[in-house]
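There are 2 protein chains.
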Amino acid sequence: MPHKTVIVGGGAGGLGAAGGVKAANPEAEVVVYTEFEDVAYSPCGIPYVHGKEISDFEKLFLATKEQYVKAGIDVHYETTVTAIDPKGKTVTVEGEGRVSYDTLILATGFDYADPGVPGGDLENLYYVKNIRKAMEWDKVLDSVKTAVVIEASPLGTEMTTSLAHRGIETHLVDPNPWPLAEMADPDIMAPVEESWTEMGVKAHFNTTLKGFLGQGKVSAVDTSDGEIPCDLVVVATHKVPNARLAADAGLKIGSTGGIIVDERMATSAPGVFAVGDCTEIPHGLTRVPLQGLTGSHAYAQGKAGGNNAGGGSRTYKAVYVPWGTPAGKWVIGGASFGETTATALGIPYVVGQAQGISRARYYPGVKPVKVKLLAEPGSLRLIGAQMVGQEGIKERADFLAMAVKFGFTFHDLAAMENVYSPAIGALNEPIVVAATNGLDELRKAGKL
Amino acid sequence: MPHKTVIVGGGAGGLGAAGGVKAANPEAEVVVYTEFEDVAYSPCGIPYVHGKEISDFEKLFLATKEQYVKAGIDVHYETTVTAIDPKGKTVTVEGEGRVSYDTLILATGFDYADPGVPGGDLENLYYVKNIRKAMEWDKVLDSVKTAVVIEASPLGTEMTTSLAHRGIETHLVDPNPWPLAEMADPDIMAPVEESWTEMGVKAHFNTTLKGFLGQGKVSAVDTSDGEIPCDLVVVATHKVPNARLAADAGLKIGSTGGIIVDERMATSAPGVFAVGDCTEIPHGLTRVPLQGLTGSHAYAQGKAGGNNAGGGSRTYKAVYVPWGTPAGKWVIGGASFGETTATALGIPYVVGQAQGISRARYYPGVKPVKVKLLAEPGSLRLIGAQMVGQEGIKERADFLAMAVKFGFTFHDLAAMENVYSPAIGALNEPIVVAATNGLDELRKAGKL
Ligand SMILES: Cc1cc2nc3c(=O)[nH]c(=O)nc-3n(C[C@H](O)[C@H](O)[C@H](O)COP(=O)(O)OP(=O)(O)OC[C@H]3O[C@@H](n4cnc5c(N)ncnc54)[C@H](O)[C@@H]3O)c2cc1C
Ligand SMILES: Cc1cc2nc3c(=O)[nH]c(=O)nc-3n(C[C@H](O)[C@H](O)[C@H](O)COP(=O)(O)OP(=O)(O)OC[C@H]3O[C@@H](n4cnc5c(N)ncnc54)[C@H](O)[C@@H]3O)c2cc1C
Chain A
0 MPHKTVIVGG
10 GAGGLGAAGG
20 VKAANPEAEV
30 VVYTEFEDVA
40 YSPCGIPYVH
50 GKEISDFEKL
60 FLATKEQYVK
70 AGIDVHYETT
80 VTAIDPKGKT
90 VTVEGEGRVS
100 YDTLILATGF
110 DYADPGVPGG
120 DLENLYYVKN
130 IRKAMEWDKV
140 LDSVKTAVVI
150 EASPLGTEMT
160 TSLAHRGIET
170 HLVDPNPWPL
180 AEMADPDIMA
190 PVEESWTEMG
200 VKAHFNTTLK
210 GFLGQGKVSA
220 VDTSDGEIPC
230 DLVVVATHKV
240 PNARLAADAG
250 LKIGSTGGII
260 VDERMATSAP
270 GVFAVGDCTE
280 IPHGLTRVPL
290 QGLTGSHAYA
300 QGKAGGNNAG
310 GGSRTYKAVY
320 VPWGTPAGKW
330 VIGGASFGET
340 TATALGIPYV
350 VGQAQGISRA
360 RYYPGVKPVK
370 VKLLAEPGSL
380 RLIGAQMVGQ
390 EGIKERADFL
400 AMAVKFGFTF
410 HDLAAMENVY
420 SPAIGALNEP
430 IVVAATNGLD
440 ELRKAGKL
Chain B
0 MPHKTVIVGG
10 GAGGLGAAGG
20 VKAANPEAEV
30 VVYTEFEDVA
40 YSPCGIPYVH
50 GKEISDFEKL
60 FLATKEQYVK
70 AGIDVHYETT
80 VTAIDPKGKT
90 VTVEGEGRVS
100 YDTLILATGF
110 DYADPGVPGG
120 DLENLYYVKN
130 IRKAMEWDKV
140 LDSVKTAVVI
150 EASPLGTEMT
160 TSLAHRGIET
170 HLVDPNPWPL
180 AEMADPDIMA
190 PVEESWTEMG
200 VKAHFNTTLK
210 GFLGQGKVSA
220 VDTSDGEIPC
230 DLVVVATHKV
240 PNARLAADAG
250 LKIGSTGGII
260 VDERMATSAP
270 GVFAVGDCTE
280 IPHGLTRVPL
290 QGLTGSHAYA
300 QGKAGGNNAG
310 GGSRTYKAVY
320 VPWGTPAGKW
330 VIGGASFGET
340 TATALGIPYV
350 VGQAQGISRA
360 RYYPGVKPVK
370 VKLLAEPGSL
380 RLIGAQMVGQ
390 EGIKERADFL
400 AMAVKFGFTF
410 HDLAAMENVY
420 SPAIGALNEP
430 IVVAATNGLD
440 ELRKAGKL
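So the protein sequences, as listed, match chains A and B.
Once you know that position 390 of the first sequence is 389 in numbering that gives the first Met the number 0, the rest is easy, because the numbers rise by one and skip nothing.
Once you know that position 128 of the second sequence is 127 in numbering that gives the first Met the number 0, the rest is easy, because the numbers rise by one and skip nothing.
No false leads were mixed into what you were given.
Copies of the same chain are indistinguishable here, so a pair counts whether it falls within one copy or spans any two.
The list that follows gives simulated cross-link-like pairs (lysine-lysine, DSBU-like), each with its CA atoms no further than 35 Å apart: (1) K21 with K369; (2) K3 with K443; (3) K88 with K69; (4) K369 with K328; (5) K366 with K132.
It is worth saying that the hints were derived from the structure and are not from the lab.
Model the full structure from these sequences, guided by the hints.
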């Protein structure tokens, strides 16, 4: 049967969705709209090209425009959708008028939160997102001596590290007492802060942004800590869902501002799905809705939602949020939440932690790995984990998210077998030691 | 109450046990006997010193003799126990006579299987184990031009890689059609074989050892493939349990030749425990007893058995055997078993596999990661996994062993969230892709 799916958005969510529709129904007509000049590039690589860890932007493109044509995915570039009409099953497209669909997928992604201070219209305020713009900004960076990064968000953390790595004097301004305070605990971030200092970063925590100063071009950032002269500002405020089209059409929006979806990624409007950063998804343990997840989540949601929009049947469930990123000279990561979030949510927990190593103590390249595990008192089921180290953080984060999801206890993790091979792993796996230490603490306290 | 535990063996099992006794009962008298000059060194590092990845042997020592004295662990070096008497609660010690104990722990480890061919008494046949001997052999290696490694066992695989890395012309002789055939599948080993060829290794598979030739010193190895002239032979035959003391005393010995123990690591004789490579432990899925596990298993068994011998209460359960090691220019690993073993045991399975990557496709240092998952038909519960790649193999192997233990299905693994951060992980986690591919195959075959 003829079937047409319209997708608004060409990011990880939108392209995952396009693939999902085609997987369920290879005959389906799939039209993707994006405001950008490209799809199928990795925005996640941009900070690393700026930091010169990656040599050039061309490397970030995943597929050519022809490959999409071949795959039967009709991408309309630099084309804005201005409204959706779920009743009439149409979208209004700039330059195309009303376009009809059988199923619609919203993958409109995120915006950086408006800093909400004077001077927002000055030049040299850089919002990192579009790759063509990033290519232009990269040339600007060549003449930048001092930059200010606004907020130690995940992107702010990456950009601070990258700009410092590039040799730019970098200031980081954040209202919280430590970086990434909304997800990571202070003990996890302490080594990162130290390494930033070694790299010449000037961190301004507990510092409120008051405005951007300058004539035409930004020349300083005004903060509660005083003025910081600079040539460029990276505005890495936290992400907010771009759910405007959905809200205007009366779709249900959640408490975070994200579009509410069910396990099929279906919105409150029949035939309309939403995927990626424009949605909100419940946390697996707390059921608290989360917005602003990652590109990896957006892609997976896209595949599930796309499949359903194409007539298939896939579910996407609550999330346990493994995360990880390089930060300063370290790699940080975790799953679910840490102590700060647990405390803020009023969730009681016990802790097991260990300072371990990534290879045999004597093997060249061995690095420290700190693991902190949070468990529910009594049951000792894992409810969260945080780490700082180097090698193997991403793989451990993936595992620990599954451990939270499947309710592994400190006992399960303390009894876990592990590979010991000098070049790749230590006699004692840090996760096992952390769980064992957690049990020992409880025993000493007479609670086990 | 006064309590004395005697431990026979100063390897990973014996020292884990000494710590376990002290943890349960800090007042206990702990006496350790070892035939060697040292305890508390890592034999696992020896191949890498020979290969010059690690600069010197001193690095492999973990603790000084004084530290054991301080910890109240009385180690008798170069001292052989010649018999045990579980009824009389004594051991017979060379040079000390009968020594009594309250509890006894056997941690006598493994021997390399006797190659069982003529010429076994020639010089320059190297059995890698004792660190003092390894230090002497390392000097010999300086003048070795050609070496032959007997058997592509885990140690043989490491030694082949190390000797080639050191620049020695290395021959590998093995009766099976591919290396590590008892644990790894041929598709996993194919890249390893290729990389060995690049490193100048001459592999002789399907080749039977017939004898060692020479006058006083070995000068050639005689095989079904002809004579291989050489200056040195590394005898890396598979491990066999060293259970002689136990067998002589009438303790129950299992089908593999290992001492039979229960979940407390208790043997058939009251008050006598056994830990490490002298025991056999059931596989968690098949219940088939396994011998010759790893140093990591020996250490964990030691801690459990030692704790029980000291009056505590710990269990050590059936194993799911995560494993991993560098091999040639690759890292291989897995959990539970692969296709070869499953087929040999008559265990039906379905496969999901993927050729993935370790970082973003465009990030410097990205490496391929092949993941192969085996699941039980119908339930699709994971029963084994094998991998070849570089980064993150050890962490994935640890995770996959837990996935087997806890019965994760292809569905669970396909729905797994994963960290995407260009420098540390790809958009698609290879384990997730392997499980997804497995499901797709089943769907195509109409079996899902
Ligand atoms: C610099 C940077 C680094 C990142 N690093 C990582 C990382 O390391 N790991 C990770 O997992 N994720 C990373 N991300 C991903 C990111 O955080 C998001 O999670 C991800 O981009 C969400 O994907 P999405 O498809 O939902 O939305 P977006 O990527 O925001 O895409 C939205 C799309 O919708 C289009 N659009 C919006 N409104 C309209 C309209 N009205 N009409 C037409 N088109 C419209 C846009 O043109 C765009 O194509 C990074 C992103 C950036 C920008
Ligand atoms: C070269 C090499 C590389 C290895 N690499 C790895 C690796 O990468 N990863 C890993 O996990 N494991 C590795 N191992 C560990 C190994 O494979 C075993 O699993 C481990 O050594 C078993 O420990 P164990 O304490 O049970 O026995 P063993 O290490 O064999 O120790 C046996 C001890 O018993 C003593 N003993 C035996 N009989 C008597 C007696 N009659 N009287 C007194 N003392 C006695 C010996 O002196 C010795 O101290 C390696 C081992 C070697 C030798």
